[in-house]
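Undergrad: The task is to assemble the complex, starting from two chains supplied on their own in separate frames and drawing on the hints.
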Amino acid sequence: MAEPMKIRATLQGDVADVRVLMAHPMETGQRKDAAGKLVPLHFIQSITAQLNGKTVFAADVSQAVSRNPVFAFKVKGAKAGDKLSITWQDNTGDKRTDEVVIRAGS
Amino acid sequence: MQLARRLIVQALGALVVLGPVRALAAWNKGAFEAKNIADAMKSLGVSNAQESKDIQIRAPEIAENGAVVPIDITSNVPGTTAISVFIEKNPFPYTGTFDFSQGAEPYVHLRVKIGESSPVRVVVAAGGKYYTTAKEVKVTIGGCGG
Numbered sequence: 000m001a002e003p004m005k006i007r008a009t010l011q012g013d014v015a016d017v018r019v020l021m022a023h024p025m026e027t028g029q030r031k032d033a034a035g036k037l038v039p040l041h042f043i044q045s046i047t048a049q050l051n052g053k054t055v056f057a058a059d060v061s062q063a064v065s066r067n068p069v070f071a072f073k074v075k076g077a078k079a080g081d082k083l084s085i086t087w088q089d090n091t092g093d094k095r096t097d098e099v100v101i102r103a104g105s
Numbered sequence: 000m001q002l003a004r005r006l007i008v009q010a011l012g013a014l015v016v017l018g019p020v021r022a023l024a025a026w027n028k029g030a031f032e033a034k035n036i037a038d039a040m041k042s043l044g045v046s047n048a049q050e051s052k053d054i055q056i057r058a059p060e061i062a063e064n065g066a067v068v069p070i071d072i073t074s075n076v077p078g079t080t081a082i083s084v085f086i087e088k089n090p091f092p093y094t095g096t097f098d099f100s101q102g103a104e105p106y107v108h109l110r111v112k113i114g115e116s117s118p119v120r121v122v123v124a125a126g127g128k129y130y131t132t133a134k135e136v137k138v139t140i141g142g143c144g145g
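Listed in order, the protein sequences are those of chains L and F.
In this text, residue positions in the first sequence follow numbering that gives the first Met the number 0: the first is 0, and each later residue adds one.
In this text, residue positions in the second sequence follow numbering that gives the first Met the number 0: the first is 0, and each later residue adds one.
So here's chain F without its partners, still in its complex pose (with noise of 0.2 Å):
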């Protein structure tokens, strides 16, 4: 039952490779199994991300425990609709992606785990399109082996 519960879940991750930022969507296997953060973002369908100083991250110049990194983002991109996440050193990069609707301000508070001392890179969609920043977190005990 749960072998054939993962392959199901296997082959739906593999007929859902392509579409954009849309968490309501299938989780992206290929997106969060990418190793590098070019890939994820391929996989997302994200494209031309243009810098932005209208995202605004919060997140500790350097982290103590790399288990436990809170994380504020704040997109003041009109029309924002979702706001992804990418740790690029880590394993997997892509970290996951936020959807707004309904009133819901473009407005996460997240906790994750950094393995090693990394840019945060945040990708906002608006309208269509695709605004990014980044932000460098140092980290002195890392967050994914132990």
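Chain L on its own, in the form it takes in the complex (with noise of 0.2 Å):
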């Protein structure tokens, strides 16, 4: 099981500023380990992120992304105490997600 994401879901005003950080290899396909054997494509491929059990944001992505993936995205109308859940899905079938409570902002 892959480890749990680390996300932020701050409201500035009525938006809801999500970052999330993802621990994944991204591993390409093209990278070669030390015994100079090609590393196998491993990569998240879906990721999408629901409030309150509705999908607000949505992505299909490639190996091009970074190694312990970052995305950041803002949800208008959200509210302190709202559910934001996160779920990821690799090329393997891995998958993983975690669940924040969305705070209010300082």
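The hints are simulated quantities; they were obtained by calculation from the structure and are not laboratory data.
These numbers come from a predicted model, not from an experiment.
There's no promise every hint is true.
[Claimed, not checked] Covered by chain F, according to a simulated footprint, are these stretches of chain L (three or more residues, beta-carbon under 8 Å):
no.	stretch
1	52-64
2	70-84
[To be verified] The calculated BS3-like cross-link candidates involving lysine-lysine, where the alpha carbons are at most 30 Å apart (straight line), are:
no.	chain 1	residue 1	chain 2	residue 2
3	F	Lys28	L	Lys36
4	F	Lys34	L	Lys94
5	L	Lys53	F	Lys34
6	L	Lys5	F	Lys28
7	F	Lys28	L	Lys94
8	F	Lys88	L	Lys36
9	F	Lys128	L	Lys31
10	L	Lys36	F	Lys34
Here a beta-carbon is modelled for each residue, glycine too, at the ideal position from N, C-alpha and C.
TA: Encoded structure:
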């Protein structure tokens, strides 16, 4: 099972500023290991974010996304206490979902 | 099991060749495996993309480390539903599509690998039409091999 994501979701007015860090090697299939063997493709393909169960942000990405991917996006109309869940799935079928509660801004 | 799954995934990928830019559909293998931007756009169903000044790409002019290049994209095109990113000179230019719905603003931050100096092209889908702009990023150390 993959490492948990780090998700930060903070309100700026009525817009939730979301930042997520996923732990993933994002192997391109072109890198060689110490023994000179190609490391197989292994990368996150799909990401979905749901606010209180409704999809607000969805992405399909390639291996060109950097290792340990970071994404940020903004959701208008969110409130403190709303639930934000993010799911990713990689090309081997591995998945991970994490949920946070949106926090009021400072 | 692993092999069977791969075959199923490939079969699914082969079926989903056409269709507009939509991340909610199955992962578009044809577009992601295209070796040039024209073929990738064709697989995604992008056509007649108009140059637009209403798309902002914030990326470094010169990226010292091509393995991690931060990019911020904001679309000011009214009715934007999706943003797609292409790194023209990468081995597989199509990098991804981001879909916005239910109040998500047409903005995304991501970090990408760029193999050599290349234009980063963004295509925005809004109201069934496509808008595009590009920004050149120079890379001193590539981020794909290694």
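Undergrad: Of all the hints numbered above, which does this structure not satisfy? Sort the numbers upward.
TA: 5 and 9
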